[in-house]
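K.L.:
Listed below are the residues making up each chain.
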Amino acid sequence: MNTSEPSTRGRVVAAIAAIVEIEPSRVSGEQRLREDLGMDSLGSLELLSTISEELKIDLEMEDAMGIVTVDDACAFVEGHRAEGERRASGA
Amino acid sequence: MRKASVVRAVRDAVAKRDDGDVAEALLAEVSRFVSTIDGRTADRDGRFSPHVLDGARSLGLFALTIPAEHGGLGLALPTACAVIDTLATVDRSFAIAIGLHAGLGTRGIVDLGSPSLRDRWLPRMASGECVGAFAATEAGAGSDLTAMRTVLREGPGGFVLDGEKSFVTNGGFAGLFTVLTSSPSFGGQRGHTLVCVPADSPGVEIGREEDKLGIRASSTVTVRFDGVRVPADHVLGQPGRGIEHAHGVLAWGRTLMASGCVGTARAALAVTLAYVQSRRQFGRPIGSFAASREHIAGMASRVLAMDAFVRHVAEQPPSELGALSPFAKVYCSEEAFAVCDQAVQLHGALGFLEPTGVARMLRDCRITRIFEGANDVLLVRLGAARVAAGGTSALDADGNDATEAYRAAVKRLDGALAWVRAHYGVRVVRRQTILQHLARAEMYLRAARAVSRVAATRQDAELAAFTTDDLVARAGTHIGAVTSAEAREERVARLTDALYGHDVPTHNEGLLSVSP
Chain A
5 MNTSEPSTRG
15 RVVAAIAAIV
25 EIEPSRVSGE
35 QRLREDLGMD
45 SLGSLELLST
55 ISEELKIDLE
65 MEDAMGIVTV
75 DDACAFVEGH
85 RAEGERRASG
95 A
Chain B
849 MRKASVVRAV
859 RDAVAKRDDG
869 DVAEALLAEV
879 SRFVSTIDGR
889 TADRDGRFSP
899 HVLDGARSLG
909 LFALTIPAEH
919 GGLGLALPTA
929 CAVIDTLATV
939 DRSFAIAIGL
949 HAGLGTRGIV
959 DLGSPSLRDR
969 WLPRMASGEC
979 VGAFAATEAG
989 AGSDLTAMRT
999 VLREGPGGFV
1009 LDGEKSFVTN
1019 GGFAGLFTVL
1029 TSSPSFGGQR
1039 GHTLVCVPAD
1049 SPGVEIGREE
1059 DKLGIRASST
1069 VTVRFDGVRV
1079 PADHVLGQPG
1089 RGIEHAHGVL
1099 AWGRTLMASG
1109 CVGTARAALA
1119 VTLAYVQSRR
1129 QFGRPIGSFA
1139 ASREHIAGMA
1149 SRVLAMDAFV
1159 RHVAEQPPSE
1169 LGALSPFAKV
1179 YCSEEAFAVC
1189 DQAVQLHGAL
1199 GFLEPTGVAR
1209 MLRDCRITRI
1219 FEGANDVLLV
1229 RLGAARVAAG
1239 GTSALDADGN
1249 DATEAYRAAV
1259 KRLDGALAWV
1269 RAHYGVRVVR
1279 RQTILQHLAR
1289 AEMYLRAARA
1299 VSRVAATRQD
1309 AELAAFTTDD
1319 LVARAGTHIG
1329 AVTSAEAREE
1339 RVARLTDALY
1349 GHDVPTHNEG
1359 LLSVSP
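As given, the protein sequences belong to chains A and B, one line each in that order.
Note that this note's numbering gives residue 70 to position 66 of the first sequence, counting from 1, and the numbers run on in steps of one.
Note that this note's numbering gives residue 880 to position 32 of the second sequence, counting from 1, and the numbers run on in steps of one.
Just so you know, not all the hints are guaranteed correct.
To be verified - Here are some chain A residues pointing at chain B (derived, C-beta under 8 Å):
(1) Leu52
(2) Glu64
(3) Thr73
(4) Asp75
Said to hold, decoys possible - Beta-carbon label-pair distances, calculated as ranges:
(5) B:Ala1253 to A:Glu25: 42 to 50 Å
(6) A:Glu25 to B:Arg1001: 17 to 25 Å
(7) B:Val1340 to A:Glu25: 21 to 29 Å
(8) B:Ala995 to A:Glu34: 49 to 57 Å
(9) B:Val1340 to A:Arg90: 39 to 47 Å
(10) B:Asp1074 to A:Gly88: 49 to 57 Å
(11) A:Gly14 to B:Glu977: 51 to 59 Å
Treat the hints as calculated values from the structure; they're not laboratory data.
Since this is a predicted model, take the numbers as computed values, not measurements.
C-beta: ideal position from N, C-alpha, C; glycine also.
From just these sequences and the hints, can you work out the full model?
P.N.:
In C-alpha cells form, the structure reads like this:
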C-alpha cells in the first residue's frame, strides 16, 4: 500500500532506480529490494544514504536493515519526514 | 605408493571420515607429483604439458571436492586447500587450474545442481575428462554486475543464452561452464541466474588464449554464447537468485585461491632462505645483515599468518565462510605479492632473471589481487558490512589465547566503529577509504587471532608472537587513519581533478548494491 506523498515517493523510487540502473517506471511498490531488484543489505544502506543526502534527513544505520520492499522504503522515509516536520513545528 | 593405490587409500580414508589419513596419503603423493612439474617451461610455452594433466587425472586432483557418490574424493575444504597450497609451491598456473575446477568450476553443480545434472556431469568432472570453468566477468562488467549483458531468456525446452564472457580461466580446455547471466525474466529487472553450459553446445565459441603477465600456462579465454540452448535442468539453484548463489560458490573459490597464495609465498621464502645464506657480499652471507634479516623475518611472518588465516577460514561452516573468505582472499593475495617482492629484492639482479624462479612467482601472484573480486572493491564491502553490523564481537577479544595488545586493538576498533556510525550514519557508504581502513583493521586483527590460535601448537612461538605484534600494529595504523580519512579523500579529490584537467564528481556508489 502506498502511504507516502507522491513527491517523496517519486524521489525514493528515483533513488532506487538510479542505484539499480533501471527506468523508474519499472519500479513498483511491492518489489523486494533484495530478491526482485538485486540489492543486498549493503545496497539498502547505500539507498538510505542517497535518500538521506537528497532529502536532507538523518537516518539511523539500523533502519536500513528492516526495509524489505520499495513500499517499505517509501513509508520509512515519509515517516521520518513527518517526524521531522512535527519537531520543527513544536508539536 | 602407486597413484592408483593412493587414490584408493584416499577414498577409504574419506569413507572412514579420517581427514588426517586423507591429508597424509594424498599430500605425500601430491608432493612427489609436483616435483616432476617443470613450471618454468609451462610458463614459457603458455600451456601445461600433457604429462601434467594426465598425472593430475590419475592422482585424482580433479576429484578433490566432488562427492564420493559421484566418483570424487569428497574432501573437506581444508584438505583441498592443503593440496592447492602444495601445487602452488611449484606451479601457480597449475594450482589455479585445479583450484578453479575444485571451487568455482564444480562447486555450484555440487551444491545447487539438479540430480540429473549432477549424475551426468560430476563423474566426468571427477575423472578429469571434463574440466570446469566459471564465466562471470564481461568486457564491460567486472565488479559492476549491473553492466552485465549476457542474457538468459526462456526458450524451447528451457532457456536461450546470448552474450560474451571474458577472462574465463580454464576456458580453453573446459568441458562445462558455470555461467552467471542477467535474467530479467526471472527475479525481476535485476535478476541474475547461474546456469551450466556444455562447451560443445551449438553456439558456444571459444576465443584465443590471452597473452598474460603471469600464470601464463593457465588458460584464459573469451567465450561467446550465440543463441545457446540451455536445458531447464542446467539451471543452478533458483532462477533469479544467481548473485546470491554466486556468493556461495565464490566463498569456496576465494578460499582455495588464498591457499595457493600461501604455497607460492612459502616457496619464495624457502628459495630466499637458501639464497641469503649462500650469497656472500662484503665477506659474509647477505642473510647476516640486519636489513636482510628484516626482510626474512617479515617474509616468514607473513607466510605463517597466511597459513594460519587460510586454515582457520577453511574450517568455518558455510554460514561463516561467505563472510570470512573475502578477508582471506584480500589478505593472502596482498601478502603473497609482498613476500615474492621481498624475494626478488633479496636475490638482487639475479631475482630479475627468470631462472631463479622468484620473478615468475611475483608475476604469478599479481592477478590474485584482481580476480575473484578486486581487492579495492572487496575492502569497501567488508568495511560497510562491519559498519552495518556494528560492534566487534565477531573478533573474539575475550578468547583465552587473545593477547593484551589484541584486546586493546579490538577495543580501539570498536571505538572507531562507534565514531563512524555516530559521525556519518548511513552516509558512511560515501566514504570508501574510511570503509577500507575499517576493513583492513579487521582483516589484520582476524589474521592475528588466527595466528594466536595456532601459536600454542607450534614450536616457533617467537615467530608467532612477532607476527601477532606486527599484525596488531598494522591494524592500529588503519584504525588511527579513520578520523582523518575524510580530509584526505577530499584533498586527493582536488589533486586528481587537477591531474585529470577538469572537475570529476567523486563517485562512491555502486560498489555495494550488487557486486559479489
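K.L.:
Now, for every hint given, state plainly whether the structure supports it.
P.N.:
A quick look at each hint next to the structure:
no.: 1; hint: Leu52; verdict: 4 Å, holds
no.: 2; hint: Glu64; verdict: 7 Å, holds
no.: 3; hint: Thr73; verdict: 12 Å, violated
no.: 4; hint: Asp75; verdict: 15 Å, violated
no.: 5; hint: B:Ala1253 to A:Glu25: 42 to 50 Å; verdict: 45 Å, holds
no.: 6; hint: A:Glu25 to B:Arg1001: 17 to 25 Å; verdict: 19 Å, holds
no.: 7; hint: B:Val1340 to A:Glu25: 21 to 29 Å; verdict: 27 Å, holds
no.: 8; hint: B:Ala995 to A:Glu34: 49 to 57 Å; verdict: 27 Å, violated
no.: 9; hint: B:Val1340 to A:Arg90: 39 to 47 Å; verdict: 41 Å, holds
no.: 10; hint: B:Asp1074 to A:Gly88: 49 to 57 Å; verdict: 54 Å, holds
no.: 11; hint: A:Gly14 to B:Glu977: 51 to 59 Å; verdict: 57 Å, holds
When each numbered hint is compared with the structure, violations occur for hints 3, 4 and 8.
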